[in-house]
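Number of protein chains: 4
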Amino acid sequence: MNTRERYLSVRQYSLDLCKNLIKEDFGLQASEEVSPPKWHLAHTTWFFEQFILINYMDDYKVAHPQFNFLFNSYYNTHGNRTARNQRGLMSRPGVDEVLEYRKYVDEAMLRLIEQGNEEVEKLVILGTHHEQQHQELLITDLKFSIWHNPLDVQVMDVHEYPTEKENGWVEMSEGLYQIGHRGDGFCFDNELGPHKVFLQPFSIGKNLVSNEEYLAFVESDGYQNPKYWHDEGWAWVKRDKIDAPLYWEKRDGKWTYYTLNGREEIDPKSPVAHVSFYEASAYAMWKGLRLPTEFEWEASNERFKWGSRWEWTNSAYLAYPGFKIAPGALGEYNGKFMVNQMVLRGASIATSPNHSRATYRNFFHPHLRWQFMGIRLAK
Amino acid sequence: MNTRERYLSVRQYSLDLCKNLIKEDFGLQASEEVSPPKWHLAHTTWFFEQFILINYMDDYKVAHPQFNFLFNSYYNTHGNRTARNQRGLMSRPGVDEVLEYRKYVDEAMLRLIEQGNEEVEKLVILGTHHEQQHQELLITDLKFSIWHNPLDVQVMDVHEYPTEKENGWVEMSEGLYQIGHRGDGFCFDNELGPHKVFLQPFSIGKNLVSNEEYLAFVESDGYQNPKYWHDEGWAWVKRDKIDAPLYWEKRDGKWTYYTLNGREEIDPKSPVAHVSFYEASAYAMWKGLRLPTEFEWEASNERFKWGSRWEWTNSAYLAYPGFKIAPGALGEYNGKFMVNQMVLRGASIATSPNHSRATYRNFFHPHLRWQFMGIRLAK
Amino acid sequence: MNTRERYLSVRQYSLDLCKNLIKEDFGLQASEEVSPPKWHLAHTTWFFEQFILINYMDDYKVAHPQFNFLFNSYYNTHGNRTARNQRGLMSRPGVDEVLEYRKYVDEAMLRLIEQGNEEVEKLVILGTHHEQQHQELLITDLKFSIWHNPLDVQVMDVHEYPTEKENGWVEMSEGLYQIGHRGDGFCFDNELGPHKVFLQPFSIGKNLVSNEEYLAFVESDGYQNPKYWHDEGWAWVKRDKIDAPLYWEKRDGKWTYYTLNGREEIDPKSPVAHVSFYEASAYAMWKGLRLPTEFEWEASNERFKWGSRWEWTNSAYLAYPGFKIAPGALGEYNGKFMVNQMVLRGASIATSPNHSRATYRNFFHPHLRWQFMGIRLAK
Amino acid sequence: MNTRERYLSVRQYSLDLCKNLIKEDFGLQASEEVSPPKWHLAHTTWFFEQFILINYMDDYKVAHPQFNFLFNSYYNTHGNRTARNQRGLMSRPGVDEVLEYRKYVDEAMLRLIEQGNEEVEKLVILGTHHEQQHQELLITDLKFSIWHNPLDVQVMDVHEYPTEKENGWVEMSEGLYQIGHRGDGFCFDNELGPHKVFLQPFSIGKNLVSNEEYLAFVESDGYQNPKYWHDEGWAWVKRDKIDAPLYWEKRDGKWTYYTLNGREEIDPKSPVAHVSFYEASAYAMWKGLRLPTEFEWEASNERFKWGSRWEWTNSAYLAYPGFKIAPGALGEYNGKFMVNQMVLRGASIATSPNHSRATYRNFFHPHLRWQFMGIRLAK
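Line by line, the protein sequences are chains A, B, C and D. Residues are numbered in this note's numbering as their position in the first sequence, beginning at 1, plus a constant of 521. Residues are numbered in this note's numbering as their position in the second sequence, beginning at 1, plus a constant of 521. Residues are numbered in this note's numbering as their position in the third sequence, beginning at 1, plus a constant of 521. Residues are numbered in this note's numbering as their position in the fourth sequence, beginning at 1, plus a constant of 521.
Treat the hints loosely; a few may be bogus.
Intra- or inter-copy, both count: the list cannot distinguish identical chains.
Capping the alpha-carbon separation at 25 Å, the derived lysine-lysine pairs in BS3-like fashion look like this [stated by the list, open to error]:
hint : residue 1 : residue 2
1    : K808      : K857
2    : K717      : K900
3    : K748      : K900
4    : K686      : K717
5    : K624      : K544
6    : K857      : K759
7    : K759      : K771
8    : K857      : K748
9    : K686      : K643
10   : K857      : K624
Just so you know, the hints here were simulated from the structure itself, not pulled from any lab data.
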């Protein structure tokens, strides 16, 4: 797929995701962590305008003087950002206007891509990966927001609960392993600084923890016993009255979960989703096992199947040796978040096609669980 | 105007108010105190369905089994209410569906009204007054929500800033005055218990405080000097960094305010709006004057013009002697709020036609100011 | 009792109250609303120094340059106040130093009182009433703070639970009644502006509501039923998980309460104490009755016994007609609090001797209940 | 030093630290993170009673039936804990009673130690190290609490600001390094699991960052520029209005800091103290350098002087490979905290004698700074 094709297919995929939405859905924002679908559509577009068109296209005229203000995110070097928790209040520009904005930018981008500038190509690739990240967020954010509607709305055609087949353990021996991204393909800055890590011998599960396995933890009072939990995890359980994964609810004596296709009964064999790091750790502790580190995961990943759940590791999100912050606004990208977050490896059923890598480092705060997060055990 | 005509004209007026909105505007809710336009349209409809159609129309079939849950408000006796601060998250039912709901209920209501049941007529009148209250809220809530949009959106054709003409004081003598609603016309329960109140001699201003008068307070550091303020008013000023009425903003050295027609320069002669009770009191203190009580206001109201601003009084919202809570759900209406709120008298430019009375008791918490609240002085 | 005697006896009484305390008790502050015993001892002393000695005694030398800063309270015109919620952090000056401070000021005051200046005498009387207010707070604040200690400490010899004897109702007829303080005796500014109030006919209970009467409300699920409660009262019940008066606790199936003499079983016949306005109102609603207004209370008070509990009225704390704020710092005294608080009338078993009047207006926020607050009904 | 001598000297040292305190100081608790001196004295004593005397001494009678409840800390398996933020409210037992408690337990402990049980000896050693940890906290907690007193109290004789002498960098080459505690000496569980770590070549500073170096960062608007800060660090700076290290204050144009000996002018050559991880990271970023990892620190520690400041590393506090949670209550000790905290290495001027090790892993949340925390740079 050349750059133009990649650009077109990624841009189209964002629109495809929204095909069942009504205009009223596009503005939903149920918490500070999530953004409305319309904002994702506009922000990913703004990225191309701001970092590419303005710098590389002669006489480019921005679509609207205030869109930079409305649609940037954490890029502090680009002026004041609109308060994150008020994105749901932007009824204007409306959906139609945002779709116009996408068209306007796409036309300019396609003309620019044809000029074949290498620097631009690199940024276009970056921009499409950025949009793919937002595609996954668009799905998970919308799921979270619309879940608040008591009507259990069906809103997307995502098959959330595949069934895992494998069993048993992968055995890995002690030694030096190569970690981090190498080669010419695209990666984010936080995967760079390829380096060696010495690992002790370890075993890692071939399968993800299933719903029925996790249910056994729930039903043996795992959420009522502090001894399995981190001190802060336990405080979170008590304060937020947590007693099951996000979206789980017992109705008429049966455990159900809310999916983008509406509410369903728990599928016992499919991998558990929407657990926090605290829950993943507590489950491992209850089993007398542990979570793998991100290095163990990367070293062994070719020996098991992954891709349906983001997998919590017991590694904090920190810089690799030699990590450098890129100059300029794009440099703000990843380093700012390297504290208080845990690394997840793999990908999920909401990850866009052609957006996964074994070196990919996803990261979230340990209490968050609105992504499709699951559990792989190690020992 | 007979009942049927009143019903039709009130119901139509709600729709008229929304004529410039796009669908994305209908879900806006910028704080717990305000509700989205769509919710107002649905809740006022639910009132007719719940309190009239279900009880008085044979074989009435509710429009949707969960609308009772979604669209009731503080009527606790009608089951769980949806959390107030999450009304903005109800993208479904969409605007079209809510308009269908209105039509469905209107058709049934019109059939029922034709039957000429007297009890029903009374409830219809109550329901239209209830809807008129929500019409004013629809305007002020939407103004508050959409004000958060940095684009200074023009969204309604409301002429907010009339010019006051009169000057001077009305002098009133000591004596017993009759307070409360008498006669056959409609009133809310909190106006009942007509009774005598003994008043000392007092004077009350013929005019409302104007923008330029209030500006003098702002510019003489009224917001920086605790001596004019209630202790809790001062805490509010410091905590919320208040330094002018809501919607005021100094731009390029000039004071502007946001109106439903967009942002404008301050009109010096028109009455100040969007001040809290704390601000109204502090202004009066700064002038060496005071706010009237609600009894003084009612006793003298025929001797001045009112109707462009809700006027803060120095009366707490409490029961009149002999106030009775009506039995059943409608009885929850007013008594529950008789603590920590101050009475406002009069009406505002956002009050619906045929919805004002000299005995009307409006009430809000002393820090709130998103209604069109103004100041009349007394001494 | 002449001024000197009154001064001496009031000053001594403050010390008497503390006779069972150990030094560690003197610094306790369990919430922002309460102050440590040491602070009360120092603040009441500072009042005499600041408002009398500095102004009226030649060559008076303040005891310590920073005590003005440490021990003033809400008198904003006297410079920055120490944050209210950090009074418990002032371990220095220690108890011994504060007692020295009291002696130092007392000696100066006694010399000054002998000079017989009339203006000074008035201020001394005010200062002793101010100290008496703080004596009641010293008792109730300490009770609240030390209640947090799981050891159920016995700390004071206060007989909290007298038994009420009378029964039945006082009947009052419609008419104009004289309200407010008249005559030469001492009163606070908020009792002034004697004026006439027109009252409808009413009945008021001869007795206060007893523990066993209140218990019937508790045990008939009064705290589980929103229909008895103000909307904000109900929110308070739910948020703070309120299910009985403050200090009540069910132990081994029996209701007990914490008193300054330690924990005891409920005495059924003594008047209920430590209820909020919300609870008092809900109880009245449950009985199908109501609370009296402060005017009804004052008009009828000679016909029943009062003095063991502060009695919640259904009157908001507002200015009397003609209320004037006194010039200067002392003028900040009362007007600043005339919003969001309810009036209590009477006195309590913790009120100092010679400190009660039928015109006395006590006031607290409706959710507070750490004073000895009780309930008298009206209809 | 044999076990008995170690026990006696550690126990005495706790008392020595308090020799300048008045009884009122012993209860101070200015935030949830800190505990009062009295609590530290009692809690360390409770440790010996709970984990040794009750289990190993025949017929031991606990000093008081509720002290277990009052003085345990996070050891959840030992029953309900008193709310952490209410330790300052425990005026009873008083200081005298707590000193009696210490004597009572010491006498029993000395009799038990003489019996020469090996298991007991191990626990005694653990208990003394536990008490030494609390000695450092006693100093830093008291400093934090008493700093709130506007009188700038002098309360301890601690020489806080030594002068550093060395300069330049230690150069370390790539390779496998041995990490973690080996040998027979005492260590905490989190130092165990000795293992190899592969390090890239790195340089580490011989000296700690000094006050004057840090001041250059302050004065070049380091606290006003988001580009040096983690996203959460920046949020912390804005929310808490941070603009200098804890205890720094500009007075009359000069930077001063509060020490346990009172307020002093900044000493330019001594190492900066009381900075958070966010500040340490931002400083490093501003210098174009970075913080070392805990592995780099341990691998190189013999080549520089350390001990006056706890040194922030860029390592999250996580389990070493093979880390095992000890069975029983003592096992709760360290694993529960292995999330959201950063490792500090070294020791500080407040660390007790004979309590430092090169393998010691201290840890705190990244925003905390009331310990004597400083900065060593790496590249």
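Each hint, compared with the structure:
no.	hint	result
1	K808 to K857	between (35 Å within a copy, 16 Å between copies)
2	K717 to K900	both (21 Å within a copy, 18 Å between copies)
3	K748 to K900	within (19 Å within a copy, 40 Å between copies)
4	K686 to K717	neither (32 Å within a copy, 36 Å between copies)
5	K624 to K544	both (18 Å within a copy, 21 Å between copies)
6	K857 to K759	between (30 Å within a copy, 16 Å between copies)
7	K759 to K771	both (19 Å within a copy, 24 Å between copies)
8	K857 to K748	between (33 Å within a copy, 9 Å between copies)
9	K686 to K643	neither (39 Å within a copy, 49 Å between copies)
10	K857 to K624	neither (32 Å within a copy, 52 Å between copies)
When the structure is compared with the earlier hints, violations turn up for hints 4, 9, 10 and for no others.
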